[in-house]
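S.K.: Letter by letter, the chains look like this.
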Amino acid sequence: MTTTLSTPTGADLEPTTRRRRRRLGDRLLFAYTWLIILWLCVPIAVMILFGFNDTKGRYNTTFQGLTLKWYGRLFEIPALTDALANSLIIAVLNTLIAGTLGTLVGLALGRYRFRGDGTTNLVMFAVISAPELVMGASLLSLFVASGVGLGIPTILIAHVMFSISFVAVVVRSRVLTLDRYIEEAARDLGAGPWTAFRLVTFPMIFPAVLSGGLLAFVLSIDDFVITNFTAGTTQTFPLWIYGATRVGLPPQVNVMGTLIFAVGLLIAAGNVIAARRRPSSAR
Amino acid sequence: MSRRLAPYLLILPGGLWLLLFFVVPMVAMLSLSLQQGDVVSGYQLTWHWQTYVDGISNYQTQIIRSLWYGFITTVLQIVLAFPIAYWIAFRGGRNKSVYLFLILLPFFVSFVLRTISWKFILTDESFVLAPLKDVGLVSQDFHILGTPMAVIGGLTYNFLPFMILPIYVALERIDPRVVEAARDLYASPVQTFRKVIFPLALPGVFAGVLMTFVPASSDYINSEILGSSGTTMIGQVIQSQYLRSQNYPTAAALSFALMAILLVGIFTYARALGTEDVLKVAAR
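Protein chains in written order, with my numbering: chain A, 1 to 283; chain B, 1 to 284.
Please note: incorrect hints may appear among the correct ones.
[To be verified] Straight-line Cα separation of at most 30 Å, DSS-like style, residue types lysine-lysine; simulated pairs: (1) Lys133(B) - Lys119(B); (2) Lys195(B) - Lys56(A); (3) Lys280(B) - Lys69(A); (4) Lys69(A) - Lys56(A); (5) Lys133(B) - Lys56(A); (6) Lys96(B) - Lys280(B); (7) Lys280(B) - Lys195(B); (8) Lys195(B) - Lys96(B).
Since the hints were derived computationally from the structure, they do not count as laboratory data.
This is chain B alone, in the form it adopts within the complex (with noise of 0.2 Å):
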């Protein structure tokens, strides 16, 4: 094996089903949305860009509420997270792995099975909210799930480990001999957090602002299970364009719409800081 084939060799069967389920689905998805037709004439490619002013400007009240549920979903993350991962990263001493593996556990149960699990504990007539009403600590008409608290709720909790990780993967990279020196200059916790600690930790925050923000904004079982018809998000729209109504070139458009915004963000990330944590995240 000449060493200069060798690295293409190692990836050619890898890469090449890469390209044919990764890349050309794209190209795939991208055509089905400028074709016109139905499932059972088939599809004509036409260039019908129409298709996306149409699903834009019908569904735009459900782009609008899933960009802005990612961003209060990922804003109380970064304010839950940071805490937790500078516990973890400073004050953990040997028992770091162990604090991880704890952050880690719910990934042993299925993502759905822990959101039904959060219904069933939120629900009216629930061991937890039944109680409280007839002691009269909560009005009779109180309800959690169905509102967008219980949505954002429930991304929060879906999708909180990928934004500790990221920030303890930064906090721990920090040499403690900068925070003493910050220290030595008279500089009070306060100003030694705003100035350096913080400043070093920033990367983690974006590599888990991209973590958090894209699959929260583009998630459907949140809403779906949690939420009520006010609560409908754009991935709601897409799978149920798909998968019931098959009105291919609609969702098509739309998925290809959405990805294209979260897209932008992606590339912006990984122009401006590199694709080296969010790799050494997904490698933990």
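Only chain A is shown next, with the shape it has when bound in the complex (with noise of 0.2 Å):
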């Protein structure tokens, strides 16, 4: 051979070669992307359709054709639909709760410089990134050793708990990026604290409020390892559905599950809309 080969790394490539090597790889990772993403959907597409199947027995495993009529059942099983109360009543208080606490706590996080920030911080790291099965295991260690009941009062304390970090963590990277000096202009106009704060300060928040909320609501209905340790005998939405896996799961549980994602999916789609709106960055 008297030729020399070029070598294929990307410098001696020719610079079109290069470019549709370049484009291949893109196509790829597209490809790729676009599989994932159907892979974490793939359990949910299933939930939705075995809630349209027309089934005859008391088991939903096979498809025998599509019907709605799970839909008008929803509520026929009892412990079911009181589950699901049970469930819906904890989001709602966690979310009251939990969004005032945590977004008092992001506020001092954001704001202010004080001795025992750092600590704080840690803490709400160390609420996050515990294993959730340590954190229900030592709330039930609490509750034994002080002989306290179990139910919807120590399921709320446990929501709350893990809540008011993730709160505070959204509320406090909202008020880092927040100009200090529009609220200081309130003062110097003549507002008092609290007047800056509630005409001022407390819009600009507002949405970080908001999406705080929303991830309480949605880490209280979905929680599973703590609410199975703080429980005791009362059922929650997830609970409820962990306990008749053995048994089979009727048609209401997709149903409720497909109405559940739905409405997430609606409010979550209206704040990816109202962000790609806003013209700053307003996460």
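Join the two chains into one complex using the hints; note that each chain is given alone, in its own frame.
M.R.: Rendered as structure tokens:
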């Protein structure tokens, strides 16, 4: 051979080849991304599909045609309905309590430097990264040691405990991006601290309070592990499903799951669209 | 309201809640693990460290298996998550938020329901496996459910978004001019990736490891629903010791030991890399 072959490292290639290769790489990555997204959605699709299944027997295992009847007979299983109602009550109360307490902590962490702010940050971090199993187990240990009966109040205590940190972190990251001169301007114009907060600061952090609250709601309604430890004999939606796995799930569970999914989707999609419309980075 | 007092007043209610229901319970659990007695006649603090020795030696198989499953899951997730995080960060364009939204989609369905859905898909008589067996593509005695593969698959599936997000956050922070500079200095795409992009993404990978290894190795749902007696993890042992046998001291000792193992990792991470990355991902 007389001609020397160029080694196929990127720098030696013709620009067009290089561009073509990059385009191929991009296409592969694009396909891969969608493949993973599909994989993430497979169980959701199955759940939704089997909510429309016209099953004849007790078991919802093979697809037997489309029907809407389960949507009509949604509340036919009293225990399941009670469990869902418990879940909703806990989630709403959790959103209100953790939303308020978390917002206050987030404000303090974002706005002030004070002795103990590092410790507070570390506690937030610890709650977010600690294993749920251990948090549930330790709460149960406390309740056992102090003889407290388990039920909705203990579940709520647990949910507020882990939600506070998430709300605080969301609010804190918004407060950090605020221009503090705006509030100072309000003070210069004669507004008291409370008025300045109410009319100036709060409207600016409100989107973060809202998404923190939404996060608290979702975390609460989906939680299984900590709830499992703090519920006693009380049922919530995920606990009921888990208990019913062995005997087979009724299609009503699929329908409820689908409805919760749809509502969450609508709210979140609204959020994404609103964030896109807002010109500044409002995250 | 004096400016000096303001932050303390703001933190007070939330901080008190966390002190009472996060910090105090940990102490209660430690104390319970050193007590002896039973549910009927009550417990006495006897500093009985032997519970730890017995608990760990009785369940060392499950402890090691959990850490091993957590390790495999985490490695799989890094491999799976990196390309997708890379694509969204560098080629996502104006659709970035749409892609991130799609990746978070599973979180709108309960964790338990998603895992049960997988069981439903992977079971031997399911609409996926049954036709494959009928055609003969897969042998009749082929199972997925009940194998370690099913459990690790479930763990990987359930925690993947927690790996994608932090890697994405780290990649997005990279200044495109740094990458351009590497290309201008004649680095090949592979070299650019290896010497510039990957090192800058490492903090995100570490945050992802923390956010997936901890829940994966302490999980008990995936193994309970998708596994069998051969895949029992330490989480299942702790759960049944607490809730079924009500053998509180052993259960408390095991979960305290598990926490100690994971805590070493968590605080090493916090010391070395700070808490900011994990908090940023949680804020999304």
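S.K.: Hints the structure violates: just list their numbers, smallest first.
M.R.: 2 and 3
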